[in-house]
Each structure stands twice: as C-alpha cells, then as structure tokens.
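Enquirer: This is what each chain is made of:
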Amino acid sequence: MDNNEKKLKIRKIKDILLNGITYIFSSFGIVILIVLLTFIFSNGAKSLSWKTITSNYYEEAYFAKCETNEELTFSLEDGNDIYYSKVWGIGLKDSKDLENNPVVKIVYIDNLSPLKNALDQNTNERILVLKGQIIKRIQMVNTNGERSIISAKYGSQAIVDALDNSYQINELYYATMGGGIRGSLLTTLYLIFLTLIISLPLGIIASLYLSQFAKDNKLTKIIRSFIDMTSGIPSIIFGLVGVIVFIPIVNGVTSSSGGNIISGALTMTIMLLPTIIRTCEESLRAIPKSYTHASLALGASQTQTIMKVILPNSIPGILTSTLLALGRIIGESAALIFAIGSSIKDSISLTGSSTTLAVHIWSVLSGENPNYEQACAISILIIIIVLVLNVLVKLVSKKLNRFEVKS
Amino acid sequence: MSENSIVFHIENLNLSYGEKHVLKDVNLDIYKNKITAFIGPSGCGKSTLLRCLNRMNDLIDNCKITGTINYIDNDVFSLNPMSLRTNVGMVFQNPNPFPMSIFDNVAYGPRCQGIKNKKILSEIVIDSLKKAALYDEISDRLKDSALSLSGGQQQRLCIARAIAMHPNVILMDEPTSALDPIATLKIEELIDKLKEEYTIVIVTHNMQQATRISDYTAFFMLGEIVEYGETSELFKNPKNKKTEDYITGRFG
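Protein sequence lines, in the order shown, are assigned to chains E and H. Count along the first sequence from 1, add 5, and you get the number used in the working numbering. Count along the second sequence from 1, add 30, and you get the number used in the working numbering.
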C-alpha cells in the first residue's frame, strides 16, 4: 500500500517536471518572438510611413533660378524650428530624410512667394518648387552685389539668413526627398507574382504525376529522394545556378543585361519546386482513395477523376503550399543578390535589375553606416505583407474547403 | 433458368495478388433481376470476385487474373473498363459521397458521360433519388453538402448515384456494415425494390441479411465457392458440411 502511494507520488512529480519543461520551452520561443517583434516595431515604426512606401529611393535633382524685388516682403515669425525667409516667403526646417540623413526641407511656400515663378536653369521654363522637397545648395547674389554659395550642411537658419540678404538666386539646387522603397516593394510583388505563375502549375502537375500516375518503383523513389535533397540545398547555390544558367538565357532572349526579375523568378522557381511538389503531393494523397474508387466505379476516366474530384478537394492543401512558397519568396535574399542584383532601382521592369525588400534591407545594413531604423521599417512592411497574404490565403482556402459542412 | 437470363458467366476464374492466390477456379452464373449474395468468412475472396465484375481490380498493381468472365456474351476483360462500369454500378462498404452538393453527387456520373443539359440532369437526379427512396427526405436540400446527411442517407445517396448511370447491374460491397439497424432495414427494403429493374450482387457478412433479401447465395471459403444455389435451399438443406457449419455459426 505504502509502496503504491510512493509510486504514485513519483509519477506525479515526473508528470509535473515533463509538463514544466514543455511550458518553459514553448514560452521561450514565444518570448524570443515577442522581443524580436517589439524591437522591430519600436525601431521601425517611426521611419515607416506611406511616404516611405510610395517614394523613390533616389533623389531627383532640379536646378532653378529666380529673382525678386525689394518691395516684396513677408511678415512671417520663426517658430517650431522653422525658419522663414521674409524676402522669399519660404519656410525651411532642419529635418531628416527617409534614410535618416540630415537635410534642409522646404516646409512652407507662401502663395505670393517669388519662388513660384522660378525658372529652370537650362530650359528657362517654369519649374515647380514644392513643399517636402529638400534644398541642397543655393548660389545667389547678395545686396552688395557679391556672389555667395551656401549649401545644406550649414543648416536652415544660415540659409534663411543668407537668403534674406539677397534678391537674386542664380542657382537653386534642390531635390525630391529620396530613400523610399517603392522600387523594391514593386520588385518584390513582381517577383512573387511571376514566381508563383511559373512554379505553381509546374509543381502541381509534377505532384499530380507523383501521387496519381507514377508507379511505386525504383525510379519514382529516386525522383522523390532527389526532390527531398534539393529542398536542403543552401539558397546561395541556387543563386549561382541563376547566374550561370538563367541570367545568360534571359539575356539572350530579351534585351536585358545582367540580373533581372525574370531570372530571379526562374531561380526562385527551381528553389521552390521541391517544397511545392512535396506539399502538394501530400495534400493530393490526403484525398481518400474511396473518392477515386467511387468516381472510377461511376465510369469516369482517370483524368475526369483527377479534375473533378481530386484537384478541387486538395485546393486547401495546394494553397498552404502556396503560402509556404510566398514566405520563402519574400524572405529570400542570398540567391536573389545574384539572380536579380543588389542595386536599388526606382524604375522597375521585368528585364531590368532591381532588388527585393529583403535584399534592400541587406544593402541598407551593409553600407558604411548601417541604418537600423530603415531596416526595421522595411521589416515591418515585410511582416505586414506576409500577414495580409496569409489571411487572404486562409480565407480563400476556407471558402473552398468542401469538407467543412456548413450547418 | 434459361440461358439468356444470365448476366455474368464466370468460368475457371483464378486471381492472385502477387504470390497470394485469392480466387481458385471460380465458376458462377449470376441471373438477371435477381439478388445474389456472396457470404463467407473474412478474406475468402468474395469482395475480390465482386470487384472483378466491374474490373475495379485493375487499380491494384500485380493483380493477375486468368479465366473468363462474360457479361451478357461479352468478355469483360476485352471491354473498355469505363463503359463496363457505366453498365455495372458499384456501392461500397463505407458511404463515400463526394464532398459536393447532393445534386452534384448524383449528377456526377451523367456529367462525366458528357450530359450538360440542366433539364435532363435534374430529371435524372430527381428520378434516381426517388428510386433510392431518398427524395422525400431531402427534396428541399439538393444544394446542401452531401456530407451533411446521416450515414444511412449517405449510403442511399451512393445508391442513387449508381442508379443515375442507368446500369444493368449494381454491385454492393457490404453496403450496410457501417450502418445502424434502422438504416440497414431501409437499405434492405430499397434493395428488394430495386431488383425489379436491376440485377444485384451483394457481399455480406450478415447471414440473416442474405436470407432476408437474396434469391441466390454463394458460400465462399479460402477463395473457392463451396456451395452455390437458391438461398432458401442453401440455408435449409446445405449440401456441404462446411456450409452447414458456417451458417449454423459453428465457425467463421
């Protein structure tokens, strides 16, 4: 009796210990995830704005000239770190661009400001000076008739002081704000779209062959183990394949030179095919054999059985594999540095080199002074994209799941 | 029995899965508009023989068949399996409606044959559901998922699905073994009604069921037919000792 109770006690302690271990380990993973997300969001949230997403990476430079007369003055009070030029009717502020470099930003232009009549230095046509643009350098003639040059590094106060001393601007060098990620975002979306268009049909057909048509013999076993092996190859090797095989092919067929989105998509396709084939095969195999038998017993052909019974019912599984593929396309960087390139571009074309968001992070971090805030901002965007696509796919998959009986 | 009322004529049929000899020298005639029951202990080959009749064994690798099966003077093995199966329907042990609507389930077979006209399809569906004694229960739920039906209803749906092909023969592989007694009773009544139009071959473990519904019974053991004859005769005066032992419940 006593012995029995002792055994029970020991068993209880063992259970508690084992349960405790599972709790500790799973909470460990969750804590890491939460810390990571908090870090990314607290660092990146400030830098992430609609403007970051929609604006170009490179500044667009303009050169203008302008004159004003002595009578026109504006009564504007400095404040809120904004310095106003009474002569030119503009307000400047020391600010930071999307990549966190100090810039002098135009925050106010009076409706009567002479800068509204600025002319392009080369073409002599009217040119717009807008709020949100940044001033790089001004070359002007002051009241004493002397030429002076002032550049952005002196700060807005010095520029405003200099401006108020002159009535003629020989050269206003200003630019749109750079550092946006529109190009990389577009590349990422193009790449996702193109890769899925190529890899899904290939993967589904291959998995159909493996699950429905292939006999269980040595050859299919070899094919399967090859597929499993390919999914373990490091992605940088696929990048190499992209460089050696796909870039020359795409360059030969199209007018492109060097890495491009098409070769990137092809590289991602061969990288993703093993995963897609295996997950689709699993979902096709999960369709009960009894459906196949029922269909064949009704005089349907094998093709009809596949198209009408097996494929429609495995759509949720196929969508899951699409989701896995999506995650890898968005997250891949090593292979794409080779296959698409790492140079950030603003004008995106399928045959031109550009870079995805993940590689954008890499290039933002690999410069001389790594910009962690923008890296975090892009990470947030990536997380949001993944989240949105996840929810979308789940919704579609729920809608198409025929096994769920709606009561 | 006159010669022309024979639907299936099986002669010297031998079947083996790889090394395993499953059917041995089977000779059997199956008569038109009668219910023929196959009984016998598990693994005796009765389901295998049933699957030979509509060539479902083709799906199994390394299945070797010798001998002949004639379906109304045609060699089964030289017929196109798809057209054979439209003439010889099958109902399986577990109800296996497709995960689609009730209507689509019944319309599946005709659609595979290329019938697209909605009016004709809905005529076929309603007619088949009526014949399967299911229409009254579900007439307002044709668009619902077939998986929302009860087990017994699902099995009758599967019968309706087979009927929709206008077959001559319906093969049933233990159709009531997964159902409760009331659902079983309904299916048995249905089978009894269906024999006016169709020839039915049924595999069953339940000997009472065989006596209740069948006209002819074949008793199988270890891949051989031990005894075959009219049900009433076989159960009343079994000629073979093994049959007697089996039907009196001494083994099996």
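Think of the hints as simulated: they come from the structure by calculation, not from any bench. Misleading hints may appear alongside valid ones.
Claimed, not checked - List of simulated lysine-lysine pairs, DSSO-like, C-alpha gap at most 27 Å: (1) H:K149 - H:K173; (2) E:K220 - H:K50; (3) H:K50 - H:K62; (4) E:K223 - H:K94; (5) H:K50 - H:K64; (6) H:K50 - E:K313; (7) E:K404 - H:K146; (8) H:K161 - E:K404; (9) E:K226 - H:K50; (10) H:K64 - H:K149; (11) H:K146 - E:K399; (12) H:K146 - H:K269; (13) E:K91 - E:K51; (14) E:K158 - E:K294; (15) H:K149 - E:K313; (16) H:K173 - E:K294; (17) E:K294 - H:K266; (18) H:K149 - H:K161; (19) H:K223 - E:K404; (20) E:K51 - E:K101; (21) E:K158 - E:K70; (22) H:K266 - E:K313; (23) E:K223 - H:K148; (24) E:K51 - E:K121; (25) H:K161 - E:K403; (26) H:K94 - E:K313; (27) H:K64 - E:K313.
Enquirer: Please go over all the hints and tell whether each is borne out by the structure.
Expert: Hint check results:
For the proposed pair H:K149 and H:K173, the alpha carbon gap of about 16 Å is at most 27 Å, so the pair holds. About 20 Å separates the Cα atoms of E:K220 and H:K50, which keeps this hinted pair within 27 Å; it holds. A distance of roughly 32 Å separates the Cα atoms of H:K50 and H:K62; the hinted pair therefore is violated under the 27 Å criterion. Distance restraint check for E:K223 and H:K94: the Cα-Cα separation of roughly 22 Å lies within the 27 Å cut-off, and the hinted pair is therefore satisfied.
Under the criterion of a C-alpha separation no larger than 27 Å, the hint pairing H:K50 with H:K64 is inconsistent with the structure, at around 32 Å. Taking the CA atoms of H:K50 and E:K313, the gap is about 35 Å. The hint is violated against a cut of 27 Å. Using a Cα cut-off of 27 Å, the hinted pair E:K404 and H:K146 holds, with the two alpha carbons roughly 26 Å apart. As the CA atoms of H:K161 and E:K404 are separated by approximately 33 Å, the hinted pair breaks the 27 Å bound.
A hinted pair counts as satisfied when its Cα atoms are at most 27 Å apart, and E:K226 with H:K50 qualifies at roughly 25 Å. Note on H:K64 and H:K149: the hinted pairing is violated, with a Cα-Cα distance of about 33 Å set against a maximum of 27 Å. Restraint check for H:K146 and E:K399: the C-alpha separation of about 33 Å exceeds 27 Å, so the hint is violated. With a C-alpha separation of about 53 Å, the suggested pairing of H:K146 with H:K269 is violated against the 27 Å cut-off.
Between the alpha carbons of E:K91 and E:K51 the distance comes to roughly 33 Å, so the proposed pair goes past 27 Å and is violated. With a CA separation close to 74 Å, the supplied pair E:K158 and E:K294 exceeds the 27 Å bound. Under the criterion of a C-alpha separation no larger than 27 Å, the hint pairing H:K149 with E:K313 is consistent with the structure, at around 21 Å. With a CA separation close to 25 Å, the supplied pair H:K173 and E:K294 stays within the 27 Å bound.
With a C-alpha separation of about 40 Å, the suggested pair E:K294 and H:K266 falls outside the 27 Å cut-off, and the hint is violated. For the hint pairing H:K149 with H:K161, the CA-to-CA distance comes to about 18 Å; that is within 27 Å, so the pair holds. Simply put, H:K223 and E:K404 have alpha-carbon atoms about 40 Å apart, too far for the 27 Å limit, and the pair is violated. Proposed proximity of E:K51 and E:K101 is supported: the alpha carbons are some 12 Å apart, at most 27 Å.
A C-alpha spacing of about 21 Å is found between E:K158 and E:K70, which places the hinted pair at or below 27 Å, so the restraint holds. About 49 Å separates the Cα atoms of H:K266 and E:K313, which puts this hinted pair outside 27 Å; it is violated. Restraint check for E:K223 and H:K148: the C-alpha separation of about 47 Å exceeds 27 Å, so the hint is violated. Annotation: proposed proximity of E:K51 to E:K121 is violated, straight-line Cα distance about 32 Å (limit 27 Å).
With a C-alpha separation of about 35 Å, the suggested pairing of H:K161 with E:K403 is violated against the 27 Å cut-off. For the given pair, H:K94 sits about 30 Å from E:K313 by alpha-carbon distance, which is inconsistent with the 27 Å threshold. At roughly 34 Å between alpha-carbon atoms, H:K64 and E:K313 are farther apart than 27 Å, so this suggested pair is violated.
When held up to the earlier numbered hints, the structure conflicts with 3, 5, 6, 8, 10, 11, 12, 13, 14, 17, 19, 22, 23, 24, 25, 26 and 27 and fits the remainder.
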